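Engineer: Residues per chain, in single letters:
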Amino acid sequence: MITTLTQSQILGFSNVTVRIKNEARDSRPILEAIGLQLERGETLGIVGGSGSGKSTLLRLAAGVLTPGLVLDQGEVTTVGKNLLVATPAERSNIYGSVVALVAQSIGESLTPHLTVLSHFRDTVSGEAVDERVLESLAEVGLGGEKYLHRYPHQLSGGERQRVLLALALVRSPQLLLLDEPTSALDVSIGSEVLTTIDRLQRSRGFALVCVSHDLGVVSQISKRIAVMNQGRIVELGQTSQVLRSPSHEYTKALVSSIPKLDQRIRESSLQSNETVLVCRGLQIVRGQTTRAIDSLDLEIKQGEVVGIIGESGSGKSSLLSAICGLVSVTGGSLHDGDGYDLSTALQMRPREVLSSIQMVFQNPDDSLNPMRTVAQSLSRYTHATNSEISSALLSVGLGEQFLTRRPREMSGGEKQRAAIARALLAEPRLLLLDEVTSALDVTVQAAVMKTLADLQRKLNIAMIIVSHDIALVASFVDRILVLRNGQLVEQGSVDDVIKSPRDSYTQNLINISARRAAI
Amino acid sequence: MKTLLRFNFLKNRALIFSVLGFHAFVALLAPYLRLSSTDSQDSAALLQGPSLNHWLGTDSLGRDVFSRLLHGGRPSLVIAFVATAISCLIGIVIGSLAALAGGWIDEALSRVIDFMLALPTLILLLLISSFFGQDPLILSVALGLMYASPIARVARSATQTLLARDFIRVARLQGGSRISILFGEVLPNVWRVMFTEVAMQFTWILLAFSSLSFLGLGASPPTPEWGLMIAESRSYMTLNPLLVIAPIMMLASLVLAIQALVDHE
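Chains F and D, in that order, give the protein sequences. Going by my numbering, the first residue of the first sequence is number 1, and it counts up by one from there. Going by my numbering, the first residue of the second sequence is number 520, and it counts up by one from there.
There could be a bad hint or two in this list.
[Unchecked claim] A partial selection of chain F residues facing chain D, derived with a Cβ cut-off under 7 Å:
(1) R25
(2) L65
(3) L69
(4) N273
(5) E274
(6) C324
(7) L342
(8) V353
(9) F361
(10) L368
(11) T373
(12) Y381
(13) A426
Note that these hints are calculated values from the structure, not bench results. Bear in mind the structure is a predicted one, so any value in this text is a computation, not a measurement. We put the beta carbon where it would ideally sit given N, CA and C, even for glycine.
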């Protein structure tokens, strides 16, 4: 069966099923019976959790079947052709001029030893190359000749994403495919990139498919949304329609788990007057001279939850690392509640001090030893008994069966829960949370935050939570600190900071977040 | 023909495993197979071509080439196993210690590793074996020491990567001592990364010992050993080419199969 597209259509999937090569036919396929049509000039967002098959789908639209997978049935037609069976010559004709794909990892998509201009030499030829390149760079917001001769390492993340966009658009494709265009960027920069994409789409009129785990991202640039879960499109419709009245369970969970600025998942609890951390004029120098943190004053009380917000490079992770002792303090003072000097090196700290401050890290895949079972990982340094481990696991929502599991048999959310349980077994007075949910899907993220809120109320421990997501932080903490270039630019209760931000950067973050929440 | 050309021998699992299985079978069971003796000389039948009595013919002393061929891998394999074990032990301990200790200890150990890497292996081996004689134990230890440095280098960088991982940080935050982190968290994971490197080293050591035997300083006559067999027969290559080709094929197929296997993993 050959799917024929009508004159007005540019992309068609008919009953496409993709499986893992050599896997039994009754196992769950990667993509299952996908049917989808895209009109010329139309914008479609595909949203879904990790493993939902959204990237596989996008690559198929570009005529690429991810290695290790097989097309079980169905047809993919892009601009009237089945790209999967196209000859290499046909493909190179189509790529760039008809279909263009911007892949996910902006770090790896540019060749390190080539300048921006040389990247264009493969795609643009003929007369007046420089002018045409300049023109297309200006279009994506990189005006001026200075960008032509820069190397990828001289560009910021946002600039790299813009160069990739210019490269994709320079031959005026009719269909642009974007894979997670903002996931590697800071919130404010990602939002600017999206605005640029939106503007270009409107002026040039190309069709657009954008894949993201973030409902906010896709809804900003697409009129229609497809929601994917476990290899199937569970909901497809106009963006506003899907967001306002989601019909499928998964979509409902997705929409409701977007953190909103005015919604709290944890109520402020009673705080004692006992302090757990005091720092005065704290300074942390990393590398030779870079001041990661400069003259910071901070005091945290027993049971208080403090949120720190900042972009990459603002020093928020350095601060956490210094508090727990992984990075050394270069100036000022840092003490715990009993007056113990925390500028002491990690190996010199007594055991009680070590246990009293615990940290949970960002990447769930990295936080457990891959060779050990959960029970082994949790007991090795805490010397907890089996029953203590079971109850700690239970308190983070993991059952007995996880005792014997290894990290590769667990999802990201489960691994992160196990990591939280391990931190709790040390019985800390201060728990440091470094972007603990940023690698998780939105629905999982909401559940983990809920668990943390319950634990905080029950155990009344102090927490510092670092995140780039101001809505997430605002829904959880008692006090917000905003860091920029190592300096505290704003500090106050959640209400104060959200309702009347004094700093323009905070204002900007709140605006972006409000826009996302308003969708 | 075209399909045969396109067939990738080094990527065919079944082929790799059957070659390795054949070598394992032969190396383990050669003494128990009903082969003619490796040492009995038949002065009436020197340098003969293949026949029913002597499947691959005879060498210049009238010994059965087929029998010697099947026995010929045993000395090198034993020495390669012992030497690889020694180089692994030394290399992984030194490499991960350097990474774990950091500072001047790392600097010093790294320079020692660089120094060892700079030494010309074969010439040093020749010196050692002419000095201490062709004792298999001494040769294994010498090979093990010499091939420890590449392993140490890989182990050092593998450990450094591991040390930056969060579960090691957590272990430090929860009061794990350096030793317990080394043995509990680092080494088991380093070993996983090292497997490929170690298997490659094994093949290098195998080749190094056969080279030594070829030069007359590895296995001593009349031991059947592939390198030695090539050396003994190369003057008669024109009379019975199998004398040289057969041991080369054995050595090459074994080395290639091991390398193809680890490439696969």
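Engineer: Evaluate each hint against the coordinates.
Structural biologist: Evaluation of the provided hints:
| no. | hint | result |
| --- | --- | --- |
| 1 | R25 | violated (23 Å) |
| 2 | L65 | violated (20 Å) |
| 3 | L69 | violated (19 Å) |
| 4 | N273 | violated (27 Å) |
| 5 | E274 | violated (22 Å) |
| 6 | C324 | holds (6 Å) |
| 7 | L342 | violated (13 Å) |
| 8 | V353 | violated (10 Å) |
| 9 | F361 | holds (4 Å) |
| 10 | L368 | holds (6 Å) |
| 11 | T373 | violated (13 Å) |
| 12 | Y381 | holds (4 Å) |
| 13 | A426 | holds (6 Å) |
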